[in-house]
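Asks: In case you want the letters, here they are:
2 protein chains.
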Amino acid sequence: MTGLMFLRDKADVEDLESKVTDKNYFMFRHKEKTSRPINTDLFDRSVDDSAVLRILRGDVDGIAFAELQKLLYTSAMSYCATTDLTKTNDKKSPGTFFEIFTGHLVAGQFGVNPERHTEVPSLDIQNTLPTDYVFDLGPGCNRIHLPIKTSTRERVVQVWAHQRVLDGLHGTNRFKGLLVAMTETNKQNDSSVVEVCLPGQWAVYQMYIAQMHRIYYLDVPQKYSVLNNTYPFIHVSPFAAFFGESESIAKASPLA
Amino acid sequence: MTGLMFLRDKADVEDLESKVTDKNYFMFRHKEKTSRPINTDLFDRSVDDSAVLRILRGDVDGIAFAELQKLLYTSAMSYCATTDLTKTNDKKSPGTFFEIFTGHLVAGQFGVNPERHTEVPSLDIQNTLPTDYVFDLGPGCNRIHLPIKTSTRERVVQVWAHQRVLDGLHGTNRFKGLLVAMTETNKQNDSSVVEVCLPGQWAVYQMYIAQMHRIYYLDVPQKYSVLNNTYPFIHVSPFAAFFGESESIAKASPLA
Chain A
1 MTGLMFLRDK
11 ADVEDLESKV
21 TDKNYFMFRH
31 KEKTSRPINT
41 DLFDRSVDDS
51 AVLRILRGDV
61 DGIAFAELQK
71 LLYTSAMSYC
81 ATTDLTKTND
91 KKSPGTFFEI
101 FTGHLVAGQF
111 GVNPERHTEV
121 PSLDIQNTLP
131 TDYVFDLGPG
141 CNRIHLPIKT
151 STRERVVQVW
161 AHQRVLDGLH
171 GTNRFKGLLV
181 AMTETNKQND
191 SSVVEVCLPG
201 QWAVYQMYIA
211 QMHRIYYLDV
221 PQKYSVLNNT
231 YPFIHVSPFA
241 AFFGESESIA
251 KASPLA
Chain B
1001 MTGLMFLRDK
1011 ADVEDLESKV
1021 TDKNYFMFRH
1031 KEKTSRPINT
1041 DLFDRSVDDS
1051 AVLRILRGDV
1061 DGIAFAELQK
1071 LLYTSAMSYC
1081 ATTDLTKTND
1091 KKSPGTFFEI
1101 FTGHLVAGQF
1111 GVNPERHTEV
1121 PSLDIQNTLP
1131 TDYVFDLGPG
1141 CNRIHLPIKT
1151 STRERVVQVW
1161 AHQRVLDGLH
1171 GTNRFKGLLV
1181 AMTETNKQND
1191 SSVVEVCLPG
1201 QWAVYQMYIA
1211 QMHRIYYLDV
1221 PQKYSVLNNT
1231 YPFIHVSPFA
1241 AFFGESESIA
1251 KASPLA
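So the sequence lines, in the order shown, correspond to chains A and B. First residue of the first sequence: 1, per my numbering; consecutive thereafter. First residue of the second sequence: 1001, per my numbering; consecutive thereafter.
Hints were generated in silico from the structure; no laboratory data involved. Beta carbons are placed, not taken as given, at the ideal position from N, Cα and C, and that holds for glycine. Only true hints are included.
Under the rule of at most 30 Å between Cα atoms (straight-line distance), these lysine-lysine pairs were calculated in the DSBU-like manner: (1) B/Lys-1091 to A/Lys-91; (2) B/Lys-1087 to A/Lys-87; (3) A/Lys-91 to A/Lys-23; (4) B/Lys-1087 to A/Lys-91; (5) B/Lys-1149 to A/Lys-91; (6) B/Lys-1091 to B/Lys-1033; (7) A/Lys-92 to B/Lys-1223; (8) B/Lys-1033 to A/Lys-87; (9) A/Lys-33 to B/Lys-1092; (10) A/Lys-91 to A/Lys-33; (11) A/Lys-33 to B/Lys-1087; (12) B/Lys-1092 to A/Lys-187; (13) A/Lys-87 to B/Lys-1187; (14) A/Lys-31 to A/Lys-19; (15) A/Lys-92 to B/Lys-1087; (16) A/Lys-87 to B/Lys-1092; (17) A/Lys-87 to B/Lys-1031; (18) B/Lys-1092 to A/Lys-149; (19) A/Lys-31 to B/Lys-1087.
Some residues of chain B that are not near chain A, with every Cβ distance over 10 Å (derived): (20) Asp-1009; (21) Glu-1017; (22) Lys-1023; (23) Thr-1088; (24) Tyr-1133; (25) Arg-1143.
For reference, chain A alone in the conformation it holds in the complex (with noise of 0.2 Å):
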């Protein structure tokens, strides 16, 4: 946790206006520079190594959903926030860095590593297509689609776009579909800031292209709860949730 470090000991904080209700935020701040915006709650100063080398390590046992909502969070976001305040316009090396946290915390709790194409199983084109993290689960159970985004914007409808190709390939509801996301909150020209959603189109994307089961955010965008509680039913929630579920959602079962 370098990058918490640097945060802790070099980098300013200053207040956000939230214009997202029930919601805090700040941003660090080092030099000229300033950092993306963190939520207050979530973003825990006090975290130390041991307790993010548990988590590296699977062990979550536990630790309250509350405290691992938390590390997961100040653990992503502290890489992310130190890569805002170190960097110019380096817009990839936080994406990579949380495609491979989340890909190596959910390969932890499957106890499988990923692969990052499937195959083709038709009468006469290419043996394999690239996709995002894949997982085959091995007999009795799903396989898993593990599309990893920081945020979402209008490039979402790829996931639910890949998801159909596995669905087509596969048939349906061979691979279940899970989108692990950060925020999508976003820092105006005035410093305040707002989560940008399009709830709508999510459902659109679910009713018509393909059914993600599950979406997980660190920070969840209060627009997309909602969509836990009316049709088409989009299951979204915190990605501490995961540790709890993992192994039902592996499970290979008929559909409720």
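For this one, chain A is given, so just place chain B on it according to the hints.
Replies: Frame of chain A; chain B shown alone:
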């Protein structure tokens, strides 16, 4: 065509090493800045304003196919190359220009202005969904879905995904999907030119997400041309071809 005047009068020309069989590319240079690769056979420095005004009016009768290809390519590429030479990191203006340029030409052929949203004929959710350009050609005609991109890269799955949403909302084959793109050229670090193409992925999208009716390019990539001749038979052709077939595309008729 102030862009073309600028390029003719102020910019230098440098040949590029083409790694694309049977195509030659050059670039413009102005001081330290260089343009994207430009197809030597399709860019016509002698194009004059009156010819461009003719195609902007949709008055293409009597213009030979090869001539129309050059007029379209030169008009669009002049703006993009000028932006490359006069702006820093402006990727948005060329895209916006090409969208308006193409949308205007297609609207001229169909005699109808496009819209940027579609109704959602659903039981209990929102009434409209934002889209790429869509055209309502009236009774007895197809509707048109017109995504427009300077190049497609990995974002192209969006095109098939949005076609799938329209198929889901309004029925398969109600909207004919026409993608218009400029090129897939990429200038590498050694100043050679390649075309970045993923024909195997396009085939999978056409098989499992939705069916695009036409893919038009100003500079048709070689590897996508091949898709015309092999299952699932994606129809890829020069954008100039649209002007000769817009009437048959508009007319609702049984599938062949």
